[in-house]
Amino acid sequence: MLAFVIRRAVEAALVLLVVALIAFALFRFVGDPINQMVGLETSAEDRAQLRHALGLDDAVLMQFARFVWHAVHFDFGSSYQFKKPVIALIAERFPATLELSVVAALFALALGIPLGVYTAIHRQSLLTKLLLALSLVGISLPTFLIGILLIFVFSVSLQVLPSFGRGDVVALGFWSTGLLTVSGLKAIVLPAVTLGLFQMTLIMRLVRAEMLEVLRTDYIKFARARGLGDRAIHFGHALRNTLVPVITITGLQLGSIIAFAIVTETVFQWPGMGLMFLQAVQNADIPIMSAYLLLVALIFVIINLLVDLLYIAVDPRIRIAARDA
Amino acid sequence: MTLDARPNKSHGRVGAIRSLLDSDFAHAFLHSKLAVAAALVTLTLVLVAALAPAIAPHDPFDLKSLNLLDSRLPPAWAQDGDLRYLLGTDEEGRDVLSAILYGTRISLTVGVLSVAFAAVLGIALGLCAGYAGGTIDALIMRAADVQLTFPAILIALLLDGTLRALFGARRSEILEFWVLVISIGLSFWVQYARTVRGSTLVEKGKDYVLAARLIGLHPALILVRHILPNVLGPVLVIATINLALAIITEATLSFLGVGLPPTQPSLGTLIRIGNDFLFAGEWWIAIFPGVTLAVLIVAINLLGDWLRDALNPRLR
Amino acid sequence: MTSPLLCVRNLRVEFPTRRATLRAIDDISFDIMPGEVLGVVGESGAGKSVTGAAIIGLIDAPGRIAGGEILLDGQRIDQLPPAAMRSIRGKRIGMVFQDPLTSLDPLYRIGAQIEETIAAHTDLRGEAARRRAISLLAEVGIAAPEIRMDSYPHQFSGGMRQRVVVALALAAEPQLVIADEPTTALDVSVQAQIITLMKRLAQDHHVAIMLITHDMGVIAEAADRVAVMYAGRIVEIGPVQDVVHTPRHPYSQGLMGSIPRLDQSAGRLVAIPGAMPRLDAIPPGCAFHPRCPHAFARCIAEKPSLRPTGAGAAACWLFDVAKVTDGAA
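Residue numbers (this note's numbering), protein chains in the order written: chain A, 1 to 325; chain B, 1 to 316; chain C, 1 to 329.
Because the hints were derived from the structure by calculation, they are not lab data. Not one of these hints is a red herring.
With a cut-off of at most 35 Å between alpha-carbon atoms, the simulated DSBU-like pairs for lysine-lysine come out as follows: (1) A:186 x A:84; (2) A:129 x A:186; (3) A:83 x A:186; (4) A:129 x A:221; (5) A:221 x C:91; (6) A:129 x B:33; (7) A:221 x C:199; (8) B:33 x A:221; (9) C:199 x C:91.
Note that this is a predicted model, so its numbers are computed, not measured.
Work the whole structure out from these sequences, hints included.
Here's what the structure looks like:
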């Protein structure tokens with residue numbers, strides 16, 4: 001069991017290293033860092049001096065090692081635009097993105113799974129057909145379009161929910177949360193729904209497809225032949241077996257919410273990391289881009305690991321295989 | 001209770017067409033009203049988009065033809081509307097309907113080109129990985145794994161940003177167009193590669209490949225002439241579903257301002273421009289392109305869904 | 001003379017497809033007495049499994065019962081509403097499927113699965129249910145049942161799994177168990193054990209068994225009577241010794257003749273020429289006539305019904321007008 005965890009951790013570290021390589025390549029070779037930092041009037045000798053002082057003359061491998069070292073200590077240099085340490089900028093914006101992502105994920109799960117189960121069990125009902133039609137629209141609409149439509153209905157026409165910003169936030173130590181104020185809660189509704197809608201329809205369709213497959217298996221047939229009731233069959237056997245493969249895919253999908261937040265934050269002017277990343281892309285602010293990349297990779301890798309562990313906990317076949325490995 | 005056995009004779013092309021029309025595939029298609037509707041809508045949009053220069057009532061890019069006095073007009077059926085501009089105009093006097101026609105054209109073009117690029121790249125890499133095995137296979141699959149950790153939109157964004165920074169001030173419209181196509185294409189190759197690699201591994205062990213190798217055919221020839229036709233099946237389904245995703249990605253990138261510029265607007269760009277006027281009450285500038293985009297993607301998705309179900313042997 | 005436990009009368013099962021309606025079972029009738037083991041034998045596609053599925057009401061859509069009656073203890077069960085049918089399944093009719101690995105939910109311990117079945121049909125709960133489950137496992141020959149109760153299906157071998165499946169089928173003490181190819185997925189050495197087990201349990205619990213298989217050896221070993229099916233029809237039915245040693249119907253003769261024997265040397269294996277017809281291409285009259293060495297004009301024109309031949313019956317025009325032959329027509 002321990003061997004399994006260690007092996008997965010090593011694989012994760014390798015992925016991070018590759019991403020670090022890409023981030024470093026971005027940093028070092030795209031555009032000239034020196035040009036970004038100094039004005040046009042700086043003389044050539046001063047530039048050369050600066051270059052040497054920053055260690056940009058050293059061997060590439062050396063620079064990469066230095067980069068990784070700094071990254072592990074959360075030092076990503078300073079932003080070209082804001083002239084502030086990148087890590088400080090990220091720390092400022094991280095709570096907003098995380099709260100939004102978590103609320104969106106909860107929304108997706110809380111609606112997606114029950115609806116998926118319902119549409120699988122009641123295949124012919126009118127509600128099922130309606131839900132399936134809506135779900136097709138749900139995965140077809142780009143996130144920004146959903147956001148705009150929601151804003152149009154709830155902010156412009158009905159004027160019940162705000163269309164930008166985070167509302168009032170409460171500071172808890174180094175964290176700032178918008179969930180403890182009424183305006184904060186109101187402000188998070190539209191963005192969370194926008195962000196989570198795509199995932200919700202995905203989860204719903206996935207759960208439905210899996211459950212339909214499961215309901216066709218021999219053990220469900222045998223359970224019926226034993227006279228077990230619908231409830232035991234659907235919510236006992238079928239649901240457990242459905243959720244096991246769904247967990248893996250869902251977990252990975254939810255990780256990508258952090259990335260999709262870029263679009264939602266733009267539409268709603270939500271002060272999170274995504275919006276900051278977008279501005280970095282528009283302004284070629286490489287330090288922020290590469291730091292964001294590494295951070296996102298770290299989050300994904302952690303989520304992947306957690307999903308694997310969860311899978312082991314839930315499926316006895318894997319659990320025993322992992323234990324004996 | 002006897003039934004005549006199905007006539008099994010097909011003579012040449014007529015027979016082939018007849019058996020295609022008579023097949024379960026065609027039958028399922030014609031009997032699924034949704035599929036037919038989706039196909040019709042898609043076809044209409046494609047046609048309209050292709051013919052945009054010919055049928056658009058105005059040319060939204062001809063700066064000389066724009067009349068600022070005609071700007072911000074609502075759709076023709078509203079008060080203050082003008083029949084010349086059926087769906088209204090934007091803040092520069094551009095006709096929304098024409099902009100949508102051209103915009104659809106651009107959205108579709110970028111979508112199709114990027115899918116084609118992703119497919120070609122993915123198939124090529126998949127064939128190599130599957131056939132060569134060993135280090136090449138490991139390298140390609142590792143790259144795929146790393147890329148799969150990130151959602152396509154992020155990769156497209158990153159590539160776009162990088163390429164922009166690389167080309168710096170030497171931007172041009174054509175460059176932006178191709179940068180976008182390549183970015184989106186590069187973010188989608190993995191699915192093709194994986195599927196094709198799997199099929200290649202299966203085909204590699206079959207006798208006809210062995211025979212070709214014994215004859216001494218060059219590996220590239222074997223790959224292209226013999227293995228490729230046999231692994232293309234699932235690729236079609238992936239491509240259709242991919243097309244919808246590619247269009248969404250392009251629209252998103254354009255909306256974010258890192259896609260196509262207002263001088264060459266796709267539907268996404270149009271929505272971005274219109275977004276600024278939503279609160280002012282001039283909803284038509286954003287909503288009409290939005291609806292068009294939604295309809296386009298839903299139709300393609302329906303087709304892709306149906307195609308996947310029709311080609312799935314287990315559901316038949 | 002006791003009354004039959006199960007009566008099947010003129011049963012027809014159809015599968016509507018786009019091209020035509022396929023008749024998987026065409027007018028079959030038979031009885032099963034309490035405590036008797038009826039074998040149902042035939043090639044793949046003859047309709048054996050569909051018969052079992054029809055009786056327990058688990059035919060896969062779009063298939064449906066198109067005619068006839070199924071009576072359990074004199075009551076019709078083929079047209080019951082779903083809730084009523086559910087209370088019959090498990091409690092009065094049990095079923096054992098072919099593949100024990102896929103028959104058990106991989107995520108649940110087998111003790112939980114047995115207790116769940118017990119709870120669905122009896123008033124036993126908690127400790128009492130657990131004790132009953134343990135005794136069931138012991139009865140089917142699982143060693144150390146208290147410990148193995150907490151194992152998962154994939155931790156058992158194939159033969160053990162099938163024993164668990166048998167235990168599950170018997171958990172609510174049904175009157176009839178339909179066993180659909182119970183030994184086909186098992187090693188030959190294990191097959192005999194399972195058959196012996198089923199025979200013993202049938203006697204101990206006075207349970208009737210409908211034993212569906214394509215393996216004549218299993219039939220000869222375990223069955224009291226046997227029905228031979230072909231193309232959705234019963235072509236012969238009778239005491240197992242009669243049908244195996246002196247088959248009347250030309251198809252049965254072909255079947256028995258094609259079984260290789262260790263105590264005889266033969267130059268070639270005997271096979272019946274041709275193949276069983278597809279469901280959408282069943283010949284008129286007697287379905288077997290294209291392959292029958294004794295076919296004559298009437299066989300093509302009319303479908304034969306079961307005619308008595310000694311202790312059994314055969315659906316063949318050769319036995320019309322009280323013409324009784326022994327073996328070779």
